[in-house]
Structure formats: structure tokens, C-alpha cells
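K.L.:
Sequence:
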Amino acid sequence: MKSAIMVTLVLFIFLVLFFCTLLWPYKSEAPTTPIADTSAETPTDTSLIHVFTPQPQAAVSSPVSLSGEARGYWFFEASAPVVVVDWDGRIIGEGYVTAEGEWMTEDFVPFSGTIDYTLPVDSYSASGTIIFHKDNPSGLPEHDAAFEVPVLLN
Numbered sequence: 093m094k095s096a097i098m099v100t101l102v103l104f105i106f107l108v109l110f111f112c113t114l115l116w117p118y119k120s121e122a123p124t125t126p127i128a129d130t131s132a133e134t135p136t137d138t139s140l141i142h143v144f145t146p147q148p149q150a151a152v153s154s155p156v157s158l159s160g161e162a163r164g165y166w167f168f169e170a171s172a173p174v175v176v177v178d179w180d181g182r183i184i185g186e187g188y189v190t191a192e193g194e195w196m197t198e199d200f201v202p203f204s205g206t207i208d209y210t211l212p213v214d215s216y217s218a219s220g221t222i223i224f225h226k227d228n229p230s231g232l233p234e235h236d237a238a239f240e241v242p243v244l245l246n
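Letter by letter, the sequence shown follows residues 93 to 246 of the numbering used here.
Derived from the structure by calculation, the hints contain no laboratory data.
Misleading hints may appear alongside valid ones.
Said to hold, decoys possible - Here are the computed distance ranges between Cβ atoms for each label pair:
1) PHE168 x SER139: 53 to 59 Å
2) SER159 x MET196: 19 to 25 Å
3) ALA151 x THR190: 20 to 26 Å
4) TYR165 x LEU107: 19 to 25 Å
5) LEU107 x PRO233: 46 to 52 Å
Glycine is no exception: its CB is placed at the ideal position from the N, C-alpha and C atoms.
Generate coordinates for the entire structure from the input sequences, incorporating the hints supplied.
P.N.:
Take a look at the structure:
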């Protein structure tokens, strides 16, 4: 009889301690080293693409000639999409630029292309933007990138 009471008492104490450790608030120390930011961001520098024509704020007319150089992984199957948008962000022209060399490299590869666009007659402003998109066949947002060149549309 005494051993049954002793076993029950030990089990009870064990269960109380077990549940106290589960329910007791856990206090962790703050990390002393900064956590690296691994968020996917569109590069704002020109480390991936350099656009030679058109220059920012240049007056362009349809068709607009495009040239520059981009890292080989900017392209897929030697091309990359480009869109022309008006001041309101509406797409008024789209097409592709084509790599002019071996594009399966991490080095800069020259590209060129022409894009036709139609400026609406009721357009409020001549401001527009040519957006060079990194070709992203996977569709994953972490692989997206774009480079914008503001222009004046004629």
C-alpha cells in the first residue's frame, strides 16, 4: 500500500513539473549578430543592365531604337521583354530586345531592338517610360528584375 502511494506521488510530482515546464513562459536572448536580409529586391543600380539608347529624358518617336548591354542571365533564349508605358502606366507598346552575342554567360552581352508604340491622342502628358524586364521563364517573383528609362514620347 505504501509503495502504491509513493508511486502515485512521484508520478504526480513528475506530471506537475512536466506541465510547468511546458506552460512556463520561455524567455530567449536577443540575437547578438544581425540577421541578413534575404528579400528579393529589384536592383536599383546598373549592375545587371546598361542602356545606351535611349538616354533618360530623351525625346523618342515610334519606332524607338534600343541598345545597351546586360548580363547574360538577363536573357532567356537570347531575348528579353521590353514595354513602353505612358505617363499613366498604360502599356502602349511592347516587344523584345535580342542579345547580339553568346548570352549563356555571366558577362555583359550587347543587345538591340526596336519597339513600336502608339501614343493615345487624348494623352495628358508626353512623359513615358521604357521598361526593360529580365526574362523570367520560371514566373517566380524572386527572379524578376526590371530597369526603367524615363523618356518623352512624340
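K.L.:
Does each hint fit the structure? Answer for all of them.
P.N.:
Results for each hint:
1. Here the CB-CB span from PHE168 to SER139 is close to 19 Å, at odds with the stated 53 to 59 Å.
2. Taking 19 to 25 Å as the suggested C-beta distance range, the pair SER159 and MET196 conforms, at roughly 21 Å.
3. Range check, ALA151 to THR190: Cβ separation about 25 Å, and the 20 to 26 Å hint holds.
4. With their beta carbons about 59 Å apart, TYR165 and LEU107 fall outside the hinted range of 19 to 25 Å.
5. Restraint check, LEU107 to PRO233: a C-beta distance of roughly 49 Å satisfies the suggested window 46 to 52 Å.
Taken one by one, the earlier hints fail for this structure at numbers 1, 4, listed in ascending order.
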